[in-house]
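Fit chain B to the supplied structure of chain A, relying on the hints for placement.
Chains as they are written, first to last, in my numbering: chain A, 1 to 554; chain B, 1001 to 1329.
It should be emphasised that the hints constitute simulated quantities derived from the structure, not laboratory data. It is possible that part of the hints are untrue.
If we take Cβ atoms under 8 Å as the criterion, some of the chain B residues that face chain A in the derived model are [said to hold, decoys possible]: (1) Gln1047; (2) Arg1049; (3) Arg1052; (4) Arg1213; (5) Ser1217; (6) Glu1221; (7) Ala1224; (8) Asp1226; (9) Tyr1234; (10) His1245; (11) Leu1247; (12) Gly1249; (13) Ala1320; (14) Arg1324; (15) Arg1325.
Note that CB positions come from ideal geometry on N, CA and C, so glycine has one too.
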Amino acid sequence: MTAQPTDPLVEVTDLTVDFPTAAGDVRAVDGVSFRLAPGRALGLVGESGSGKSTVAAALLDLHRGTGARVTGTVRVAGRDVLAAPEAALRRLRGGTAAMVFQDPLSSLDPYYAVGDQIAEVLRVHRPGTSRRAARARAVEVLDRVGIADPARRARARPHEFSGGMRQRALLAMALACEPRLLIADEPTTALDVTVQAQILDLLHELRAESGLGLVLVTHDLGVAAGSVDEVLVLRGGREAERGPVAEVLGSPRAAYTKELLAAVPRVDAARVPPPGGAAGAAPAPGEPLLEAVGLRKEFGRGRERTTAVDDVSLTVAAGEVLGLVGESGSGKTTLGRMLVRLMEPTAGSLRYRGREIGRLGERQLRPLRAEVQMVFQDPSSSLNPRRTIGESVADPLRAAGESDDRRAVRRARELLDRVGLDPDWYHRYPHEFSGGQRQRVGIARALAPAPRLLVCDEPVSALDVTTQAQITALLAELRRELGLALVFIAHDLAVVRAVSDRVAVLRAGRIVEEGPVDRVYDSPQHPYTQGLLAAVPVLDPQVAAGKRALRAAA
Amino acid sequence: MTGYVLRKLGGALLVLFLLSVVVYLLFYVAPGDPARLACGPRCDAGQIRQVRDQLGLDESLVAQYLHFLQAIGTGRDFSTGTGVLHCPAPCFGLSYQNGQPVTTLLGDRLPVTASLACGAMVLWLLLGVGTGLLSALRRGGPAERVLTVLTLTGTATPVFVTGLLLLMLFCASLQWLPFPSYVPLTEDPEQWAWNLLLPWTALALLESAKYARLTRSATLETLAEDHIRTFRAYGLRERAVVGRHALRGALPPVIALNAIDLGTMFGGAMLTETLFGLPGLGQLLVHSVRTVDLPVVVGTVLGIGAAVVVASAVADVLYALADRRVTLT
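Only chain A is shown next, with the shape it has when bound in the complex:
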């Protein structure tokens, strides 16, 4: 059963995966079929729960032994994967087809040196390779994926690597045994946009060089656009649409694909006026609500002192939306927490409606707590899992001094209704809800004391793109109807453009550029902003290729 060069590298026919649960079987993948020619790239795209990772795992039969029921056929390089005996399957895994996972921090063993882990995999697939030769090969592949000083780095443990370097190390492990197929499951989702662009460029380069076939799993249509030849859009475990990437993203046939594309925020398009509002609905900015001057935050002491926020000055006017963008470590979360005074600034002044609040103690801050509220990133961990959602919303009311419990409950039910949840869900617990619904609860809780300013820290980054669009629409609506001012913190440049009036770009604790969104996005002045914008994935494969060429030339 040797594979001919013309045979498809991957051939999946009628793949179905069921996960048995206490409440009956859950069908994660339902009758999916596709083929991939050698050296070609296929994108498996879809929202969470669409079954895309389950399909990817089935290519190496990683479901074996987990209790999942897999039917249909999966052939990789001519071998029937689902029927392959253990030994043959082990040879396939990592030898013929290698997998790269999403979270590069947890995907490597923290206890062993990176080079040793690569060498270990190599020795499994090339029995007879000496330890020394395996180590040398590990250094070679680390060098190939662009790790500087690979001989020294090979001896480091994963926690000594940055996120991007870890993902490169995983790619090096994948390349070690010269596979014919690379399966990448959300390989850049945990990375900053500039690092994401570097990793995707590297993937592209490796494929061009070695003729690797690629199956790329991603929720980000922009990532798929720039990296694959064909896409398979999945929804609820079924194929929604399949075809060449330019066709599917350029002129989608399936209603779901259209919906998905419409929900993707565009970094290159000016904000469309929100539905129902007048064109250019942003109200004229009112008086300054919150003013920061020379704000600074340091952590640690002595030699370990780091400056997270460094001399930041900004103003939020009543009723306006200020976007704060920055990559991980830029200090945006620290800044957000100082603005609501969850943290005390090390230096600088912070004024709320003309009153200095930077140094106030907890008791003096009490009245401010009702005026300035925060919405957090992770809606599942920022709600108390042991309290009903209604109680979580009512709590801030009680904290603000509402002593009549019936009134508090009534108001909490109104708020649930206001954010688009059924008030009768008052007595349900957070785990009964989806991510988007939980974020609505988080917003309702923040609205409870009737604040004037809402600081939202990455409020949509844990959500699917369609849910993301719903939540940003909700925030825009609340802002319009309640006259709320928003500080919108996010790493996603497109989302920030979609919701903000003005934007400030943070880098290493400093604001490098600030201005009206359209001005900053359309003609960025600072090279850092230009670099960030150049790294954002775009939906048009041709534009993506052009941007890649530009990055390569730079």
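Relative to chain A, chain B alone:
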């Protein structure tokens, strides 16, 4: 790292100092006159006065404590009326019972307790970690069930019951083993091990269920981690995945707990020592409390305290060495 060790050392000294104050105070709160106790039951009032004078019991409490501390640094001479008994530094006093320096007594007993504790540790690690690993990998298998019942029974049964049963079975009925008596390792290693086998087993049975549970939960936790999936997806045999990667991740908590348990064994194995007639620290402590031999009580308590304090510092260092992501500050 150096700063960490210094800080730990300072903390350890503080703990020992406080311990010595508390024990020293007990010395005086304890019912009975130390001089009468030291002198023995057949002393008349004159002799007792003489002893009180020799022991410096007429001085104030603070002065006596300072003398006690000073003796640790420089040694101390005790007059016996007929001559002078020198107690070399570090001096923790002389036993009321036989006039021997406390340090000599402790020095004699330490190897016994160390032999008991270390041997038992090897056994409880083998039994506990083995059982835990097995139950993480083959849940519900026959070997796992037998071992789990064995370790749980061992923990649930008081050591004097387990120990007696072992003695009756292996020494009295089957006569496979001698009734334990301590033979120093340096004298005859084989006899040393044979004689200690039963006490080791009794202690190991007592401790192993804890290690089985800890190993099991830590292994299951590691097996659920993403990097295990990575190595499975790269074609490693399950044996290598578990042996090299899952077990490695489960070890740090086991190592840390083990260091503390080992420290506790130095004072906590008194039942075992007494039952098997091993002249260790625990037995010494029990004996000295029973005979109200106060200098020995103070010395032994401090010695055991030192073992626990050192063990907890060692546990921290081992944890950091086992998991390099942890930094000691």
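Consistency of the hints with the structure:
no. : hint    : result
1   : Gln1047 : violated (63 Å)
2   : Arg1049 : violated (61 Å)
3   : Arg1052 : violated (55 Å)
4   : Arg1213 : violated (22 Å)
5   : Ser1217 : violated (18 Å)
6   : Glu1221 : violated (12 Å)
7   : Ala1224 : violated (11 Å)
8   : Asp1226 : holds (4 Å)
9   : Tyr1234 : holds (4 Å)
10  : His1245 : holds (5 Å)
11  : Leu1247 : violated (10 Å)
12  : Gly1249 : holds (7 Å)
13  : Ala1320 : violated (13 Å)
14  : Arg1324 : holds (6 Å)
15  : Arg1325 : holds (5 Å)
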